[in-house]
Amino acid sequence: MTQALDELKIGGLGASRKRVEDNRFIRGKGTYIDDIVLPGMLHMEILRSPVAHARIRSIDTSKAWEIPGVRLVLTGEMLASRNLAWMPTLSYDTQAVLATDKVRFQGQEVAAVIADDPYIAKDACEAIVVDYEPLPVIVNPTQALAEDAPVIRDDKENQHDNVVFEWQVGDKEATDRAFEQADVISTLDLHYPRSHPSPIECCGSIADFNRATQKLTVYLTTQAPHIIRAAVALVAELPEHMIRIIAPDIGGGFGNKVPVYPGYVVSILASILLERPVKWIEDKTGNLISTGFGRDIYLHGEMALRKDGKILAVRMHTTSDHGAFYSDAQPSKFRIGLLHSAFSCYDIPVAYLHNRGVYTNKAPGGVAYRCSFRVTEAMYFQERMMHAAANDLGMDQAEFRRINLVRDDDFPHRTAFGFLTDSGQYVKCLDKALEAIGYEDFLKQKEEAKKQGRLLGIGISTMTEPLGAGNSREFDILGIKMFDSAELRVHITGRALLRTGAKTQGQGHETTWAQIVAHELGIPAEDVVVEEGDTDTAPFGMGTYASRSTPVAGAAVAMAARKVRAKARKLAAHLLEVSEEDLEWELGRFYVRSAPERGVSIQEAAAAAYSNMPDGLEPGLEAVAYYDPPNMTWPFAAYVVTVEVDPKTGVWDVLRVVAVDDCGVRINPMIVEGQIMGGLTEAFAKASMQYITFDAEGNCIGSNYMDYLLPTAWETPGFELHEVVTPSPHHPFGAKGVGECATVGGPAAFVNAVLDAIKDTGVRNIDMPLLPHRVYEALTERHDVSGAPPVRMD
Amino acid sequence: MYPPRFRYEAPRSIDEAIALLQSGGGEAKVLAGGQSLVPLLKLRFASPELLVDINNLPGLNYHRVDPDGTLRIGALCRHVDLERSTILPERSPTMAAAAPLVADPIVRTRGTLVGSLCHADPQGDWAAVVTALGGSIVAQGPNGRRTIPVAEFVTGPFQNALAYDEIAVEAVIPAPKGTVAGGYLKLERRVGDFATAGVAVALELNGATVTRAGIGLTGVGPSTINATEAAQVLVGKPLSAETISGAAELAAAAAQPKTDHRGSAAYKRHIVATFVERILTRVNGSVQRAA
Amino acid sequence: MTSLFEEIHEAPPADVPTRRVTITVNGQRRTVEIEPRLLLAHLLRHGLRLTGTHTGCDTSNCGACTVLFDGEPIKSCTMLAVQADGHEVTTVEGLAGPSELHPIQEGFRDEHGLQCGFCTPGMMMAAKALLDRNPDPTEEEVRWALSGNLCRCTGYQNIVKAVLAAARKMRGDAPAESSGGTESSGGRESS
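From first to last, the protein sequence lines are chains A, B and C.
Take the first sequence: its position 644, counting from 1, is numbered 829 in the numbering used here, and each next residue is one higher.
Take the second sequence: its position 111, counting from 1, is numbered 204 in the numbering used here, and each next residue is one higher.
Take the third sequence: its position 78, counting from 1, is numbered 597 in the numbering used here, and each next residue is one higher.
These are calculated hints, taken from the structure and not from any lab test.
Take the hints with a grain of salt, since some may be wrong.
[Claimed, not checked] Each pair of labels, with its calculated beta carbon distance range:
| # | chain 1 | residue 1 | chain 2 | residue 2 | range |
| --- | --- | --- | --- | --- | --- |
| 1 | B | A359 | A | D245 | 43 to 51 Å |
| 2 | A | G225 | B | Q252 | 46 to 54 Å |
| 3 | A | E633 | B | P193 | 27 to 35 Å |
| 4 | B | Q115 | A | D245 | 32 to 40 Å |
| 5 | B | T179 | A | L223 | 35 to 43 Å |
| 6 | A | G638 | B | P151 | 54 to 62 Å |
| 7 | B | Q381 | A | K629 | 31 to 39 Å |
| 8 | B | D353 | A | R658 | 44 to 52 Å |
| 9 | C | G590 | A | Q637 | 43 to 51 Å |
| 10 | C | R568 | A | A331 | 53 to 61 Å |
| 11 | A | P335 | C | G590 | 39 to 47 Å |
| 12 | B | P151 | C | R652 | 48 to 56 Å |
| 13 | A | W250 | B | T179 | 57 to 65 Å |
| 14 | B | R239 | A | L459 | 56 to 64 Å |
[What the hints assert, rightly or not] Just so you have them, the derived chain B footprint on chain C, three or more residues with Cβ under 8 Å:
| # | segment |
| --- | --- |
| 15 | 535-544 |
| 16 | 592-603 |
| 17 | 607-616 |
| 18 | 632-639 |
| 19 | 665-674 |
| 20 | 677-688 |
Values in this document were obtained by computation on a predicted structure and should not be read as measured data.
Built from N, CA and C at the ideal position, the CB exists for glycine as well.
Construct all of the structure, not just a fragment, from the sequences and the given hints.
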């Protein structure tokens with residue numbers, strides 16, 4: 186062929202290629218964990234603690250054993266005799282698998298029954314009798330840190346209080362000095378409530394230990410199969426090469442499906458003991474009450490300001506509530522994740538952050554739910570503080586941000602907390618958002634409406650966030666560095682098989698990774714099949730979460746494809762009987778520079794790899810690439826929301842949502858927009874109705890879908906999406922992460938809008954979710970409204 | 094997620110159903126729409142010995158207006174039948190306003206109004222509506238039928254006045270003596286949420302004069318609340334700003350809400366007052382325009 | 520449970536009640552012998568191996584289990600399988616014809632109306648019930664009809680687009696300007 190390929194037509198970068206995954210999902214032919222049936226499979230149910238903090242006096246399982254169809258009843262005591270009652274967490278703490286001495290949160294796993302079907306297993310769970318001796322309950326850090334507070338982790342030898350860790354970053358002295366120079370100091374106190382990723386599909390596993398082959402195969406809902414394999418090898422003391430983890434289709438992850446849960450471990454042990462496959466599928470209550478939640482962190486934030494609007498310094502004291510076990514899934518060096526990425530888009534000379542983490546009688550976790558490792562918290566704190574500061578200065582919200590945003594020519598920019606941002610057009614993004622919403626017009630509208638007693642409000646949120654963990658100097662989980670990988674094999678006819686160390690849960694990797702190959706090699710995307718999730722076949726990767734896949738695994742795909750191209754060049758030179766230096770490359774084709782009509786396609790080169798190799802060149806055409814990213818990528822966004830608040834009820838309605846996202850080069854614009862809309866919906870959900878809280882007894886409010894409210898199509902607003910494109914200077918094809926951006930930056934825009942609508946009350950904060958009754962309280966009593974637990978339940 | 098064991102029968106006549114309930118000796122439960130009962134079974138909050146499925150009983154899926162104006166709703170009339178009804182908007186604006194707000198669109202295809210009244214959930218919508226309309230339940234047992242006014246039918250949270258061998262076969266809304274007006278407002282944070290507070294207002298008018306009024310409240314007490322004092326304030330005169338705010342205040346006072354994660358007791362009372370006012374103000378606007 | 524030819528279970532104890540029922544599923548009459556407590560969703564998924572219908576909660580909120588029951592959308596996790604005796608059930612597996620997809624399925628694919636795919640079968644069945652009854656819904660009517668089905672991934676906007684696109688196709692109207700989804704050349708459907 187002599188005509189250049191059209192990259193969009195072959196499904197390369199920028200093509201809104203329809204999704205490969207859809208073919209099976211729209212037919213109901215997905216293979217999710219509960220769809221898998223293995224011969225002889227048994228079913229497991231877990232008995233959970235109804236109380237939040239109690240000593241276990243006794244567990245009587247005798248009646249459970251008597252039920253026909255019950256095969257095994259496991260308790261903490263039985264696990265302890267095998268040294269399995271406790272397991273290490275991803276944060277170097279320990280977590281109970283099945284409770285032994287105490288239960289430490291409502292919903293904690295106490296026993297497990299394995300039976301012929303889950304109905305019988307549930308019957309047997311109900312027949313287990315546990316005698317609890319209640320202990321005082323702790324549901325917030327104030328209670329945790331009180332002098333007479335009971336020690337929750339009395340299982341740990343050197344634990345004498347409920348403090349998990351203290352961590353700080355920044356320059357305290359320089360920050361304090363800057364505060365002394367301030368014209369205005371703006372402070373803000375708030376609680377970012379506990380929220381749960383709650384994918385519709387719950388967690389589950391099928392453990393299958395084969396005594397004949399000594400191999401353990403575990404199907405499970407995991408976003409990081411290789412991490413699970415490493416963890417299982419550690420916990421179960423089985424050799425790593427005899428463990429195979431298979432992540433099938435996953436019905437949503439959002440960080441909920443990263444940790445190692447007790448249910449997985451128990452199902453593995455049960456399979457080993459019974460020598461039959463054991464399936465455990467969690468119910469929604471189990472998922473909400475015990476698995477990896479996100480957030481639950483308190484802020485005392487201060488900003489030192491010059492009266493012309495320049496920010497001189499930022500100081501943040503935060504307290505994080507980790508529940509009963511410190512099991513955050515985050516890079517080990519950063520004990521409160523990347524919370525210190527706050528304020529990265531603003532030019533601030535000095536800053537200081539101190540965090541104290543505490544134990545409470547609640548489920549373990551904190552890092553999950555599209556958070557990019559606590560960047561959701563960072564950006565919420567940032568934009569809420571920016572909102573308060575602008576008001577304290579009497580400045581326009583947009584103007585205040587404009588004054589402080591890093592300028593386009595200031596890159597690379599070292600933030601006050603030590604991050605290196607490398608690219609962005611922040612002001613352009615903000616201006617685009619303001620134009621789209623009609624900023625000046627809306628402000629006029631707002632004033633007019635006020636005369637009729639109507640409350641309109643507009644909220645802005647701008648941020649850049651670090652995505653693509655991460656470089657091996659700084660990032661590891663349990664000591665394993667956070668690179669990722671791709672393996673590309675091109676067959677005789679030029680079709681290809683691609684495997685990566687990532688694991689899609691709806692992000693569309695089967696579609697988008699093929700687009701990268703199309704871009705690099707000119708092989709049509711439909712000719713590339715993508716596989717992920719099986720540790721026996723996939724190259725080692727750290728999985729998909731924290732929006733790291735395009736930045737890291739996607740980069741690895743490009744690098745593997747480039748290695749293939751380099752070898753194909755040798756084959757092409759051989760076929761054309763020229764030297765490599767005489768060749769040029771255009772999409773899908775090598776040609777002779779001095780005689781462009783003479784060329785070979787990538788498919789012809791591939792055939793040659795099997796049938797016509799030059800002397801000294803190995804046959805075959807494949808490559809593996811492991812990619813250690815040099816830096817994070819830095820997408821940027823501006824979100825603007827307008828609302829109307831009903832002053833008589835506190836109910837608020839969203840009028841418009843405008844999102845301007847800059848995630849560099851977009852592989853598949855349709856998929857990118859889908860991610861942003863999903864993220865905006867999470868932002869709306871958290872701002873309006875969705876949270877987990879606790880009453881004074883430690884009862885979890887929000888452990889089912891009647892209390893944990895996800896918005897439906899009826900409440901969810903429409904979204905207006907725009908883009909700016911600033912390629913990443915270091916990523917192989919200029920892409921940045923994007924999956925979590927809207928969840929990170931979105932909530933503050935909604936909250937700022939509502940607070941703007943009720944600005945005349947002088948209220949500085951209402952904790953999320955901004956339930957009607959909280960907004961009404963702010964309106965009528967004119968004070969800040971906290972949502973921190975315990976919630977009063979008369 | 095997994096119900097406990099129970100016996101199950103699907104009778105084909107009311108007499109058969111009653112006989113089964115008798116044989117159950119109080120350990121049997123009637124299954125109609127199942128949208129409240131099946132979830133209870135799955136969470137194991139209920140473990141009846143016997144389930145009597147009445148979905149095969151013939152001739153119970155009606156809702157109709159008799160020649161004398163009485164509105165009758167059969168035991169198997171689904172929420173969605175009322176939502177789609179062509180006769181309801183004119184015959185009972187209060188019911189027409191409530192029908193789309195019950196649960197969610199999928200649940201509405203199975204759930205029944207009569208079943209909802211029997212379930213007697215303090216946050217159920219229909220009980221407040223039927224209370225405001227002064228309706229009754231017709232129960233059928235081994236000794237025949239009896240009519241129970243809804244205020245006496247709901248005896249407490251999740252408790253009703255049926256004997257163990259009785260089935261509720263019909264809900265009856267008495268014929269109005271004047272033009273009908275009213276509405277239903279519910280504060281829910283999203284579709285399918287339980288009511289933070291729900292207010293049903295049902296009026297009958299002779300010209301501009303209110304001849305009958307009923308106000309039912311849901312979600313603000315141990316059980317559905319019949320705000321009789323509040324309703325009385327409206328009767329015998331045209332609606333006015335004075336009577337409207339009087340009714341709103343008294344309705345709020347009649348509420349017995351608890352503070353919880355949906356809001357403080359004071360807030361819920363305030364919502365009651367606000368909704369009473371909004372419904373009556375809208376009705377008043379229509380009445381005045383019609384005049 | 521139903522008796523399956525690959526697995527022979529121990530017979531349940533004599534005092535466990537079972538019932539023989541006949542249900543028409545996707546046009547096929549199926550007779551099964553089951554306990555009354557078996558949920559319809561579980562009979563479909565595990566008894567009849569129609570795993571397209573999913574379960575996502577335990578309080579009848581999420582709608583992932585939505586199927587058509589005599590043409591009306593129901594939550595199959597909130598019905599006992601024995602109640603379906605003599606009735607017709609349609610699942611997602613019954614949507615496509617022998618050689619082509621249902622316009623609703625095409626709409627979801629063309630408009631990027633799914634990401635993880637878990638809520639999708641239930642969402643499509645609810646959409647089918649809507650379009651069978653109302654062939655020309657407004658956006659508001661679509662959102663209202665789907666308000667019993669939860670999605671965590673998409674934010675609903677593309678789902679609404681998908682349903683409206685399907686409605687246009689089913690009415691035989693010209694397609695509107697499509698937001699997403701360009702066909703790459705030679706795109707073939709693999710089944």
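For this session: Just pull the numbers of the violated hints for me, sorted ascending.
Result: Hints 5, 11, 12, 17, 18, 20 not satisfied by this model.
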